[in-house]
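*Asks:* Here the protein sequences line up with chains Z and G, keeping their order.
Heads up: the first sequence begins at 9 in the working numbering, then just goes up one per residue.
Heads up: the second sequence begins at 9 in the working numbering, then just goes up one per residue.
Don't read these hints as lab results, they were simulated from the structure.
It cannot be assumed that every hint is accurate.
As the list makes no split between identical chains, a pair holds if one copy fits it or if it spans any two.
[What the hints assert, rightly or not] Mimicking DSS-like on lysine-lysine, the simulated pairs with C-alpha atoms at most 30 Å apart in a straight line are:
| hint | residue 1 | residue 2 |
| --- | --- | --- |
| 1 | 497 | 330 |
| 2 | 143 | 45 |
| 3 | 497 | 329 |
| 4 | 330 | 556 |
| 5 | 135 | 329 |
| 6 | 461 | 497 |
| 7 | 330 | 451 |
| 8 | 61 | 82 |
| 9 | 82 | 143 |
| 10 | 451 | 329 |
| 11 | 535 | 497 |
| 12 | 329 | 229 |
| 13 | 556 | 329 |
Number of protein chains: 2
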Amino acid sequence: MKPFLDSILLTLRANRASIYHLELIQDIIPTISSFSKDVLYPLNAVGDRHGCKRIDCEHVTTPPGFAAAYRQYKEQGWHGLSFPEEYSGTGLPSSINIIKTEVMATANWSWSMYPGLGLGAARTLLKHGCSNLLKDYLPKLVTGEVLGTMCLTEPQCGSDLSLISTSAARDPSAVRDTSAGDGEYIINGTKIFISCGNHDFTRNIYHCVLARMKSGPPGLKGISLFLVPKYLKDGTFNKVDTVRLESKMGCHGSSTCELHFSDSRGHLIGTENKGIPHMFTFINTSRIGVALQGVAASEMAAQYSLDYALERRAMRSFDTKKHEHEFPADRIIVHPNVNDMIMTMRCFADGGRSMLYECALLADQEDKNEKELDFLTPILKGFMSERAIEATQLAIQVFGGHGYIFENKVEQLSRDTRIGTIYEGTTAIQALDLLARKILQRKLEPLNNFCKKTRQELYRQPCDAYTREMFRLLIELQAFTIRFAFQAKTNHELIGKIAVDYLAYIGYIVMGIHLLRLGRLDPGHLKYVDHYFNMILPRTKSHMTVMKRVGN
Amino acid sequence: MKPFLDSILLTLRANRASIYHLELIQDIIPTISSFSKDVLYPLNAVGDRHGCKRIDCEHVTTPPGFAAAYRQYKEQGWHGLSFPEEYSGTGLPSSINIIKTEVMATANWSWSMYPGLGLGAARTLLKHGCSNLLKDYLPKLVTGEVLGTMCLTEPQCGSDLSLISTSAARDPSAVRDTSAGDGEYIINGTKIFISCGNHDFTRNIYHCVLARMKSGPPGLKGISLFLVPKYLKDGTFNKVDTVRLESKMGCHGSSTCELHFSDSRGHLIGTENKGIPHMFTFINTSRIGVALQGVAASEMAAQYSLDYALERRAMRSFDTKKHEHEFPADRIIVHPNVNDMIMTMRCFADGGRSMLYECALLADQEDKNEKELDFLTPILKGFMSERAIEATQLAIQVFGGHGYIFENKVEQLSRDTRIGTIYEGTTAIQALDLLARKILQRKLEPLNNFCKKTRQELYRQPCDAYTREMFRLLIELQAFTIRFAFQAKTNHELIGKIAVDYLAYIGYIVMGIHLLRLGRLDPGHLKYVDHYFNMILPRTKSHMTVMKRVGN
Chain Z
9 MKPFLDSILL
19 TLRANRASIY
29 HLELIQDIIP
39 TISSFSKDVL
49 YPLNAVGDRH
59 GCKRIDCEHV
69 TTPPGFAAAY
79 RQYKEQGWHG
89 LSFPEEYSGT
99 GLPSSINIIK
109 TEVMATANWS
119 WSMYPGLGLG
129 AARTLLKHGC
139 SNLLKDYLPK
149 LVTGEVLGTM
159 CLTEPQCGSD
169 LSLISTSAAR
179 DPSAVRDTSA
189 GDGEYIINGT
199 KIFISCGNHD
209 FTRNIYHCVL
219 ARMKSGPPGL
229 KGISLFLVPK
239 YLKDGTFNKV
249 DTVRLESKMG
259 CHGSSTCELH
269 FSDSRGHLIG
279 TENKGIPHMF
289 TFINTSRIGV
299 ALQGVAASEM
309 AAQYSLDYAL
319 ERRAMRSFDT
329 KKHEHEFPAD
339 RIIVHPNVND
349 MIMTMRCFAD
359 GGRSMLYECA
369 LLADQEDKNE
379 KELDFLTPIL
389 KGFMSERAIE
399 ATQLAIQVFG
409 GHGYIFENKV
419 EQLSRDTRIG
429 TIYEGTTAIQ
439 ALDLLARKIL
449 QRKLEPLNNF
459 CKKTRQELYR
469 QPCDAYTREM
479 FRLLIELQAF
489 TIRFAFQAKT
499 NHELIGKIAV
509 DYLAYIGYIV
519 MGIHLLRLGR
529 LDPGHLKYVD
539 HYFNMILPRT
549 KSHMTVMKRV
559 GN
Chain G
9 MKPFLDSILL
19 TLRANRASIY
29 HLELIQDIIP
39 TISSFSKDVL
49 YPLNAVGDRH
59 GCKRIDCEHV
69 TTPPGFAAAY
79 RQYKEQGWHG
89 LSFPEEYSGT
99 GLPSSINIIK
109 TEVMATANWS
119 WSMYPGLGLG
129 AARTLLKHGC
139 SNLLKDYLPK
149 LVTGEVLGTM
159 CLTEPQCGSD
169 LSLISTSAAR
179 DPSAVRDTSA
189 GDGEYIINGT
199 KIFISCGNHD
209 FTRNIYHCVL
219 ARMKSGPPGL
229 KGISLFLVPK
239 YLKDGTFNKV
249 DTVRLESKMG
259 CHGSSTCELH
269 FSDSRGHLIG
279 TENKGIPHMF
289 TFINTSRIGV
299 ALQGVAASEM
309 AAQYSLDYAL
319 ERRAMRSFDT
329 KKHEHEFPAD
339 RIIVHPNVND
349 MIMTMRCFAD
359 GGRSMLYECA
369 LLADQEDKNE
379 KELDFLTPIL
389 KGFMSERAIE
399 ATQLAIQVFG
409 GHGYIFENKV
419 EQLSRDTRIG
429 TIYEGTTAIQ
439 ALDLLARKIL
449 QRKLEPLNNF
459 CKKTRQELYR
469 QPCDAYTREM
479 FRLLIELQAF
489 TIRFAFQAKT
499 NHELIGKIAV
509 DYLAYIGYIV
519 MGIHLLRLGR
529 LDPGHLKYVD
539 HYFNMILPRT
549 KSHMTVMKRV
559 GN
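From just these sequences and the hints, can you work out the full model?
*Replies:* Here it is as structure tokens:
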């Protein structure tokens, strides 16, 4: 793993980050980079090999070295970087924390999930918790003394949270929300696929649990959000039993638990029956996190592949000028297809990073930018997780047979990355969110705003073949969407039929815009711009053809 | 696993197989199907979990049940189905054997690799071995008493076989090719990634080894092919040491060995320094085998996904008529995106099967159809292995989080299938073979013949939107290739830059033709034709755009 501070700084500048941001990054990232490279990266393969072990209902051990690395990270005070100082945080913008997380995740995604989920729980509590909850529980989440989880999925429901059956009942004998109490709700039910649901990083774990009160309405509107600690204040086990760990394709270093809540005590977070909107604070944070995983995976795919292609030799270049006669064969980087695959990975890593940072910087002023973030988040998550899978598959291809072998790391990378298009809402869910909820339901306004803003950016650039192509793609997108909106009124099924292509189409446009931004600042990036516009962006043609054949 | 005899028969009829073929298939396949479903399929997950174990240099054990299943198969006489009766075979057309293999491979690809490699060695020997070799060694390969391997790759060379350094030296004291001798050549060197390189299916193993004689010219033209048995005739170990087993992403049931040959004795197969052309008998058989793996994987991806989507419930259909009010949510098959993913897998399985059978039937009269097979093989292998990876990834997506979990089988399917675009020549190698060797070097003749033959087929069909689109794609393909051939004369690098897109472009055309064939015979297939032409075939647009931007 090679540090990439220059790329971080370039990307921040391309997205008009403030001097304050740039200074902070230069201060913080070198230390985080060293920690990631020296401590986390070597644990990545260890995590895959060893996985996590369930000891009993109460105890799970993580791979050797994982918990010790966490203690080191926590003790150096890196955890609560972007939380208010009154809750023991450092008070920096949340974008700084996202970049910190990106660097750690590039080294070891599975490890980074534990602190990531802890911070997601902290954010959810900060935004929706009452003052007693904030006082009692938040500081431990911010310092990292306690980590957290999000408990949504149940055996019978994944994407469709309206089917949740975990129950919550008020215990009239409990004292409401006082610092003395352990919560006035009793939770019962089974949650599956709970990432970092149990581990040995911290003694206590605060579970954010969606559950249904008997008194509430059916469906999504009858679900509330609860904070359920693994251990109560007096140290007794709150009967959040780890029934088993899942045996997964990848991310072996991250424990994925089936949890049984048996009369477990919990606090209500926010308002009764508002569990779904409250949980969306966590979900949206996690969606950005999955996009971040995609950027991290694409970065490592590009790094691994370039290193290998500069070393491995096979055949002669078609270009005789590139022959290295002192060797029996040329380095495989000289072969156009190998080089193109690596260029594609680099485009996805750099373009994806820029897409991520744009959202991260918008999130620093979340209230002001809420609408734009709402529009960009499903694109970022849906598109980037798909491209990351592609990048890691290409990395295997560059390695050839060696890519299929454990020790060369790219096959692990591809397995770890495969979950990205599934968790926190599949690509189809992101696509429906974008097209149905964010565009059609809002009468195209977010789309039109995006197109307008993008055109303004393009107008400031020299008019060349690439900006012209972007104008053309935007016009086609708007024209198609207007026609489609009429059609979809009478045929709702069409939305589901084209949404994934629609998301891909916009995704390629957004990534193109970002690569142009990087190219304007850094001439070294222009070759990636060329590669992207010639070899990747044409995919929009097939997506648009599909949409037209199905939808118009 | 569901049997698919009807699909086999339909596909044979669509490709104008003889009555003889159809009768044979109806005789043979039901038994093979039962064996595959009842014996091989349950072993598929066992193989993934247990993998193979190296005991010592001489011994490797396969997963529990694998060797016993092989004995059952061998004793029932299924192995040498398509070999001449004079060598203890059954004398049936080789296409029958390919279909037999497809059924077994659908149940358990890793297991099917062992007999597959044995038959590849038998074919190579049959075609190039001298009479003494045929007499002494072939019958055991045909009955399956002995299995075989292909030993090409070395640590320093994969795609580039010119770098082979394993040495062969003539032992003047040995008697040439008599039935009494163990071969007059002494082999030394290291071979890696040897599939089924050691196992407990059979006591002896015949390795087909590429090695270099000191006397020969450098490069590809100085390589010869040898038959090196694991055990000599007197039963002594021929020092083909299994140094280690590779730890792979998938295909855990198939042993992948690093073999050291230390003064191992071997027989020359065919002519000295003609090892590469001789080995292409084996390689081309294996390329068909990899395409077959792709068909098998796509079939299982479609089967698993459809079963799951008919059972799993989430959300309500956009179409109120499809609501099942007696359940809390509708089956996920009603969601257009889920249904489309399954349709895509079915297109790849059925279209790929038809592409495979076309080649298999051509191979029954190999001499007559050599040129056509030469042209179609890289398309079949390159395109089908890519589509199979896509199909298995889509299957994971249909399963959502459950697809990432071992017990639901689709993640294993995707890992097992991932190697397809790599072994027996990567997609880029297939693409260069197609564009450079099979098309440009032969002055476009094979392409023009293919286009002509395809047009003749289309002329016999009603002129509708789909046949018109096919005509258009063929014209665009030929026009592009003519222009490109001029350009490539002065810029060889362009070939490497567009070859993979070129292969994909033709691949989508060929699969479209085959789906039309199936649709003509079976109206039930017309919905797949619609799906393919609306949602898959438009990908040709992006491939052509890339080719034009880069190449024209």
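*Asks:* Going through the earlier hints one by one, which of them does the structure break, listed in rising order?
*Replies:* Per hint list: 2 and 5 violated.
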